[in-house]
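*Asks:* In case you want the letters, here they are:
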Amino acid sequence: MRKKKILQEAVFYLAVVLISMVVLFPFLWMLSSSLKTQTDIIAWPPTFVFTPTLQNYHKVFGEQDFLKYFINSTVVGGLAVGLSLVLGLPAAYSISRFTQKKLALFILLARLMPGISFLMPWYIIFSRLGLMDTYIALVLSHMLIALPIVVWIMSSYFDSIPVELEESAMVDGATRQYAFWAIILPMSGPGIITSVTLSFIFSWNNFMFSQVLSMEKTRTLPIAVYNFVSYAEVDWGGVMAAAVAIMAPAIILTMVFQKFVVKGLTMGAVKG
Amino acid sequence: MREPSFVERHLRVLFPLPAILFIALLMIFPILYTLALSFTSWNLTSGAPLRFVGLRNFEQVLTEPRFLDAVLRTFGFTIFAVLIEAVLGTAIALILNRAFIGKGLAKLLLLLPLVATPVAVGIVFNLFYDPTIGLANYVLSTFGLPQGLWVSDATSVIPSLIIVDVWQWTPMITLIVLAGLAGLSEEPFEAARVDGATQWQVLRHVTIPMVMPTILTAVILRLIDALKTFDIIFAMTGGGPGYASETLNIMGFKYSFEYFRMGQASVILIALFFFVLLCSLGIMKLRSSAEN
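Here the protein sequences come in this chain order: C and L. Residue numbering for the first sequence follows numbering that gives the first Met the number 0, beginning at 0 and increasing consecutively. Residue numbering for the second sequence follows numbering that gives the first Met the number 0, beginning at 0 and increasing consecutively.
In isolation and in its complexed conformation, chain C is listed as follows (with noise of 0.2 Å):
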């Protein structure tokens, strides 16, 4: 019996060393090869020991103008999440107290719809306002990812906070408006940190808004990195270490966060 109890406990931890396994190891591979010389990493069979080498670090953030991509995806995603948190905070208020459902729905439309069905029209509008690659036409494609992620999160944080607490306020003379910004503002610290942590990975990861409506001025990391590779020639070091460079802020903010991001990952899957 006790046997039995060992062999099992021995083929679960298994089973949790492989799936993690699987789920890291191509970050190890990306991080790896980003400490390869070129050579080490076209020879054959694959190195798996070899001396490391930050030539492809000193390349990519040296050669390139790749510190101006990383500030430009900060501020975008920064300006993006901090006027998504403006318009959105009162939007999820009024939606969690007056539960409005309807409109809930139409808010997280923005999240569901293909983006590429409003960004094929943005490129004519903006190009014809002469907005393409402004940090105005980037700021305002990347709200529409952000917006829906802050409403979704921070109306569900409302319903959790007492509707006791605004009604005594106003019962004592103060505003709705007042209540809101004074009182249930002040307590959403968890919530708002959840939906701009996301909120802001999000937008950072953002491929296809940034690729067409950006250009040498204002253009992301993901862009960056993207452009690396459509060289004739790849140069794998400096591609994985551009890799590494766009993943790490996203995966550091994730392991800080981690609580944050799990609840606002799943929640919206599991309430319904």
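Incorrect hints may appear among the rest.
If the Cβ cut is set under 7 Å, some of the chain C residues that face chain L in the computed set are [as the list claims (entries may be wrong)]:
1) 109
2) 242
3) 245
Keep in mind the hints are simulated off the structure, nothing from the lab. The C-beta atom is built at its ideal place from N, Cα and C for all residues, glycine as well.
Got chain C sorted already, so can you dock chain L onto it with the hints?
*Replies:* Quick look at chain L alone, frame taken from chain C:
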């Protein structure tokens, strides 16, 4: 009691108004614009003015083999990818649904593919798949199996892309199902145990039926996103070789931003929009029936 002010009386409308206007302006208006463009002939590069052509774009695009192939391919990719993700994701969730050493770490690892930049993921897999230097062929050769061309061959490109999608999104199903399992009440399980049910019977007749609504919602969410898959395909193959991995989203992108045939592009975008809308209506129906 003080008299509520104008703002307070209309808070229900005023608070969400900026968000509504924003979405109307940046989403609803462009979608209507696309719809209108689909009845016109307009090539941005030719400089010729926009012309009304009635249903000609629809006739042209809907009868074109390239379009029909793209529709079938989009659905083939989506259905296979999501099916594999649903089965694997649920199975992994059921395995991990117990206390064990390192559970927190395992859950953190599962999160990583979900937040990894898809374009970069695609490029990393391209290095795996590279026929001459890639690890994929090395692994095959060590097992004495014939080497493959992966994304460079028309017959293997879609399965190779499905593998990438499965790697990236299976954890999403796992995490959602795990959260669903954590929220189940204990009673049915105790009742089953009292009745002497085996582990397998509990799984089949109690656990799975109870998390089914959660699994279904996760699957439909994935269906919607898989229909729209763009980044990995664009980065890994650009729709090639030939048109062998061209899905509706890629085809619409090429018609819009490579050929600049806006009228025909609109028809493709409307088709994709329509399929996604159908799936979205499914999820809304499911949600409202779950609430009642």
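*Asks:* Of the numbered hints stated earlier in the document, which are not met by this structure?
*Replies:* none
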